[in-house]
Amino acid sequence: MGKFTRPWAFDPLWHRVVLWSAVMAVIGGSYYFQKVRSHFTNVFYGIAYLYSLHYFYILYINKMEPTFILGALIIQMSVSLTFVGRKGLAIYSAYLLLLAIPVLTIDTLYPKPYIIASILTVFTMMWVTMEGKRVLVSRMQKQRHIAEMQNAELAELNREINEREKRFYNLVEAIVDYTDQSLYSQLVKTLTQIFEVDYAFIGSLISDTNKIEPIAFAKSQDLVHRDEFKLTRNPGERAIKEGIISIQKGVREMFPHSLELGELAVEGYLGCVIKDSSGAPLGYVSILSKYPLSELEFKEKVLRVVAARAGAEIERVRRNQIILDRKLQMVESARLASLGEMAGGIAHEINN
Numbered sequence: 487m488g489k490f491t492r493p494w495a496f497d498p499l500w501h502r503v504v505l506w507s508a509v510m511a512v513i514g515g516s517y518y519f520q521k522v523r524s525h526f527t528n529v530f531y532g533i534a535y536l537y538s539l540h541y542f543y544i545l546y547i548n549k550m551e552p553t554f555i556l557g558a559l560i561i562q563m564s565v566s567l568t569f570v571g572r573k574g575l576a577i578y579s580a581y582l583l584l585l586a587i588p589v590l591t592i593d594t595l596y597p598k599p600y601i602i603a604s605i606l607t608v609f610t611m612m613w614v615t616m617e618g619k620r621v622l623v624s625r626m627q628k629q630r631h632i633a634e635m636q637n638a639e640l641a642e643l644n645r646e647i648n649e650r651e652k653r654f655y656n657l658v659e660a661i662v663d664y665t666d667q668s669l670y671s672q673l674v675k676t677l678t679q680i681f682e683v684d685y686a687f688i689g690s691l692i693s694d695t696n697k698i699e700p701i702a703f704a705k706s707q708d709l710v711h712r713d714e715f716k717l718t719r720n721p722g723e724r725a726i727k728e729g730i731i732s733i734q735k736g737v738r739e740m741f742p743h744s745l746e747l748g749e750l751a752v753e754g755y756l757g758c759v760i761k762d763s764s765g766a767p768l769g770y771v772s773i774l775s776k777y778p779l780s781e782l783e784f785k786e787k788v789l790r791v792v793a794a795r796a797g798a799e800i801e802r803v804r805r806n807q808i809i810l811d812r813k814l815q816m817v818e819s820a821r822l823a824s825l826g827e828m829a830g831g832i833a834h835e836i837n838n
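Numbered by my numbering, the letters in the sequence shown go through residues 487 to 838 in order.
Worth flagging that the hints you see were computed from the coordinates, not collected in a lab. None of these values were measured; they are calculated from a predicted model. Keep in mind that a hint or two might mislead.
To be verified - DEER-style ranges, computed between Cβ atoms:
| id | residue 1 | residue 2 | range |
| --- | --- | --- | --- |
| 1 | 790 | 636 | 32 to 38 Å |
| 2 | 708 | 804 | 23 to 29 Å |
| 3 | 642 | 814 | 57 to 63 Å |
| 4 | 694 | 787 | 29 to 35 Å |
| 5 | 808 | 739 | 38 to 44 Å |
| 6 | 638 | 715 | 42 to 48 Å |
| 7 | 787 | 636 | 26 to 32 Å |
| 8 | 640 | 782 | 19 to 25 Å |
| 9 | 646 | 818 | 56 to 62 Å |
Backbone N, C-alpha and C define an ideal beta-carbon position, used for all residues, glycine too.
Whenever a hint applies, use it, and build me the whole structure from the sequences.
And the structure:
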């Protein structure tokens, strides 16, 4: 075994034992204390670096004897186990080269290099520790910022979900609790409320014409009377033909000949066809806004539900009307037959 030629070159075996124990403690503790691991890792760069530097210095002054080479390999393995990953090993290797080269150079040029080497070692340890602290603080701030952003997004998402649940509840209440004309009135008022739009409309096609008969029209949750109108050059015509029309903004520019849109100063438009059970169009339901529409996909889904409910009600009313008309015809036929029999009886009495 070689001789130590510097007073500050301590027994490498003692260093090996201490370093190995520290490495095992950090590795073992990291499984149970994740936060402790981050602190240890950054500071341990400096500690492992100093141990490695000392061993390389011992290797240098003892002419690379096998005993010291074995000690250096043990330290390298310890560092590899501690800093798992390419990034950690790259940082460690860079630290090692930064100080190993000048120390060995100084040791060659000056007769008493250990003073300068010690100063460089202390400054390097301080720099490594401060750099590790800076990296740690930066990571913690970044993680905190990410966590705050995620919490804000979750809170906003939770608020939107609660708001949508409330909207659906109001809509379901309107669909379930009302029938006949009150259903249509409640639907248009509910649509303006849950979508926060200016207008909502439900209209039915007049048979054998290109006209729409308004069933219900709401302006800011107030019912307003409207006269029948033609579908030509109207977004409702496209809703009936295409099934649904969705215009976030600029509806007046798309339909410049529609006097209705100009009078209402509408910017956003969403319309959905109303069909019967056979798929034939019965009319359409629409919402109109003076401002650009948002959440179009959500609004489209809700409007389809409203259109289905309105279609079922229109079909039910028309079916009941047909049944009522037939009953009236039967009553009228029976009344006419009774009058005919009565007239025949009177004529018979007169003739006799």
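* Which earlier hints can't be squared with this structure? -> none
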